[in-house]
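Put the two chains together into one complex, using the hints given.
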Amino acid sequence: MENKDVKKTKEVQNDVKDNVNEMSEQDMYKKMKQRIRNEKRAAKKSANRQINWPVTVLLILGLVTVIFPLYMTVVIAFKQPSEMTNSIRGILSLPKTWSLSNFKEAMEVTDFWNSLGNSLIITLSTVVISIVLHSMLGYVLGRMRAKNKGYKLIYFYIISGMFVPFAILMMPLVKQTSILHLDNMLGVIILYTVFYMPMNVLLYSGYLTNIPIALEEAAYVDGATTFKTYWSIVFPIMKPMHATVAILTALGTWNDVMTPLVIMSGSKNTLPLAQLSFQTQFGANYNLAFASYLLALLPIVLFYVICQKQILSGVVSGAVK
Amino acid sequence: MEEKKLEAMEETKGVQTADSAQEEETPKKKKRLDRKQTFMLITIPIVFLFFLFNTLPLLRGVMYSFTNFRGYGDFDWVALRNYTDLFTDARVGKSYLFTFRLAVVATIVTNVISLALALGLNGKIKFKNTLRGFYFVPNVLGALVVGYIFSYIFTYIVPAFSKLLGGEGVSMLASSSWAWVAIMVVCAWQAIAMNTIIYISGLQTVPEDVYEAGAIDGATGWSSFRHLTFPLILPFFSINLVLCMKNFLMVFDQIVAMTSGGPAQSTESISYLIYNNGMSGGQFGFQSANAVLFFVVIVVISVMQMSFTNKREEQL
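One line per chain: the protein sequences are V and Y, in this order. Quick note, the first sequence lines up with residues 31 to 351 if you use the working numbering. Quick note, the second sequence lines up with residues 2 to 317 if you use the working numbering.
Warning: the hint list may mix true and false statements.
Now the stretches of chain Y that chain V is said to cover, found in silico as 3 or more residues with beta-carbon under 8 Å [what the hints assert, rightly or not]:
id, stretch
1, 113-122
2, 144-151
3, 248-261
By construction, these hints were calculated from the structure, which means they are not laboratory data. Values in this document were obtained by computation on a predicted structure and should not be read as measured data. For each residue, glycine too, the CB sits at the ideal point set by N, CA and C.
Extracted from the complex, chain Y is given alone in its bound form (with noise of 0.2 Å):
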């Protein structure tokens, strides 16, 4: 509405500097651009600089995947069997397998932890602000950094410890069963900073009085929780439960830092796979294929998130 009274009132001064300029015959007076006109001209470049480094490589990623390109001299169009080698490549299926694992248990573990945490941050304690301030430091260290600092807790910290426990003593990043546990440790640190930070700001939206009134009616401690805060702060569960799962998936940094997709190929992760044999393996075209796979299960998964959030809205 009111928007229209704008644009009617551009018409009538465009009608006015028309006139004026007719009577006076200046042709230096230099014609205002009208909304419509300077907002295209802001739109048309922006969108364009979109196009050509997002949308442009995505559908050139597309076509590669349908070629046996090596990444360098010529190559032919394979249709389908790119994808089709996808679902019989066992070291695919590996890192698919890897990499869902560790987004799934990272993501449970994750949310439990940054839970409890953020109900003792949000209570009557002592220190709220300083307590808070660092529980969130890990989340602003860089991945790569806080992955290498981590390989040599779990290469030679952790072992230490559990000789004197009466262990082995061997490093989990050395042995191709528990490696996936230690790079799982390593997300969740990071990431139960930022989840923590949601909750409590998703707690501080529960009023006092539904407490209050919850007590009244002898709800308190477990049963408080459960049928008071947690569904009023459900909203915010989901979006850490989505957020959480789409980083891990995409998981990269750490995978660097600590095992290089190793021991026997155990911790290669979907984009530490695209990236190793896709830039370096001669593999562009069947990673190409594989990274619009992988764009599919992105998008499915952030569908999920687009519903929840919708429903959130609903809600409030």
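With the rest of the complex left out, here is chain V (with noise of 0.2 Å):
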């Protein structure tokens, strides 16, 4: 009972304190809070004069040679044809109407739709089975490379693919391909798979060394397979490679010409493509066609402004591995 006492007594004491100590707190709090404004404003102020405004100015004049092309992509785009008269001014100055009948027509003329249909079943089937099996096989080789030697081997076998140019490739696939039936999308989608499968292993299993194998083995002890295992904990812990992959993978494959060029040879357009297929029917008009071209570079950019964070890491981490 007096124990119990004691206690409360202390407890009181130690509640006084508490309020003290509370009072004394705020008070420093808001001593603090009004020193960090403060420093924060003199950082700003000295910020200011930190910004380097010579290069700043330097490097916006010089985003003119990024924004000429696109520029003039664009006005004469819009313009009718017997607006561009052959001066300078003439081609470059902005058109009198902003009318969207070239669009429309170049959309006719180059089977827009169509194309920008193939493109995006090509990419995305490309970036979605590159996904699944080069991070699989990246699973395999990263885990086993180090202690097995018939693994390491077929991890340098995949890597040096890297070195084979496509121009050597190129003659015996159109062989090859039209053999097997696989001239068509479906064929070029296969050979995108192979040919981004060096630099993908690279990354994966260069990612998967930083993964420690205690959550695989916690999976394995609950009963699962290994091939669970890999989907419930390794496929989602590799998260971030998977944006570098799909970026890496869909930029290239998006842009291609060369590929779809001589595998499908001219039985389907992919959206660059369409636009060397039809280069003639766009004859003297250059109206049409950079309405074209802007079309073929619109979906690009458009992805780019979207991710424009994903894209430039992911670039930056797939170079620099």
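This is the structure:
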């Protein structure tokens, strides 16, 4: 009984102490806040002073080299042939009316929706198949190559595929795909999956060395198969690498001309390929041609605007590794 | 080590399941595939796919290089004749000369400009992220369409400007001595975007106190760049150099869009020549030999890249 009373009094005492502390803490907090605010202000001022304005201006002026070709594309795409006098002013001035008629015609001439669809099918399938297959192989090789000579050999065999230029594969592949009846979009998708395998396997197996094996062990003890462990544990962990792989593979396949050109040999068009195939039909009508070019550039530019951060970091990590 | 533990567990598990199967005698109970089997099951089909569409055509390409195959019909074995012909063929020689000149000059131009850009974009500037975002745009655009747009610029805009300045106003693309410069500009325009971003990520690895220490020792401006910044980003410089070289050597889209190899075959790149004469020119066998030679060139450059990267790993 006595003990309890003592405890109570002690608690009360502590409460009082805490209150006192709180008071002073609040004050301190206020003071701190004030100080931080002042410091921030000062930092902002000095940062403003430190900004290198000459370099900023130079860099903004340098943007002309990037923007000029794009600006030219846009204004020519919107103009009518009659507005295109032979002087530079005639070419580069803003169009009198912003009419979409060029785009409508360009879409018809180049069969735009079909080409866009083909490009989307090829790129999306390649990306999905690449992420599934390459991450699995990257996982196996990443886990096994250190202690199994056979897997190490396979690893180097796949990676060495990076050295092989398309030029040497091109002619035999044309023969081979036509024999296998793969001279179509499916063939192009399979080829892309193979061409991007070395780089993607390198990226995945490199990333995997940072992932501890303990998680897999835990899942294994719970009775999951290796396959299930992979899908439920390893695959989700590799998410950052999936983004990098998806972006690098997508940018490469979307803009590629050579592979669909030689493999499908004109039977089906992708978005860039359509520009090549219908080049003759544009004739001397540059307005129509530029409307078509702009349409071909638009999807990837939109994609870039939306995922700019991921694209930049993906491209860097892909190149540096 | 940990992997071994897992395998040991696997064995005991396997024993357990075998035991329980014996006890219950229910064959319906699926035996778990062990780790090794699963790995084999994943590896074999994918590697087979890779062999079928990468190694097999490569071997067939080498095989064709010893024949006089025209792309159709019968062919004979001609041993090394294609290879000896390669070194006397004027058109092949011209294409190697053009491609290497383009690659070397474009690599230098690209790296100088993108290093300068990266230094600027990594400095204390306003609108940093917006500027970086804009400067990267050329890299995401398709090379073929970019080639078409620039081909218009070089045919109409540049001559008009040169006329204003008192020049003749002839298109660069129509001149066999200047067309390669136009192609070089387009290649560099797109590659600069990529290289700048790599250089920026390189510059970000240089800690701030290095400059502070350097400033105390009197290193500012150019000397700070030469003796501090550049040595520290040397690995990124070598990555960019080799990346550029390799990509420029394989130039194809820009040629198709801008010159189709002309005028007077002055801008025929190696890839374009292989494509053009091999696919439709009846030189399947001969251009295969050309492709094998090209492959060797690319391998040499890639091996250089590997040794660079290894050196970098030692440094870090």
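8 Å C-beta criterion, at least three residues: is the stretch 144-151 of chain Y covered by chain V: With 7 residues closer than 8 Å to chain V, the stretch 144-151 of chain Y meets the three-residue bar; holds.
Per-stretch coverage check for the stretch 113-122 of chain Y, three Cβ contacts closer than 8 Å to chain V: holds (count 3)
The stretch 248-261 of chain Y covered by chain V? Criterion: 3 or more residues, Cβ-Cβ distance below 8 Å. holds (count 5)
The structure fails none of the hints (numbered hints given earlier).
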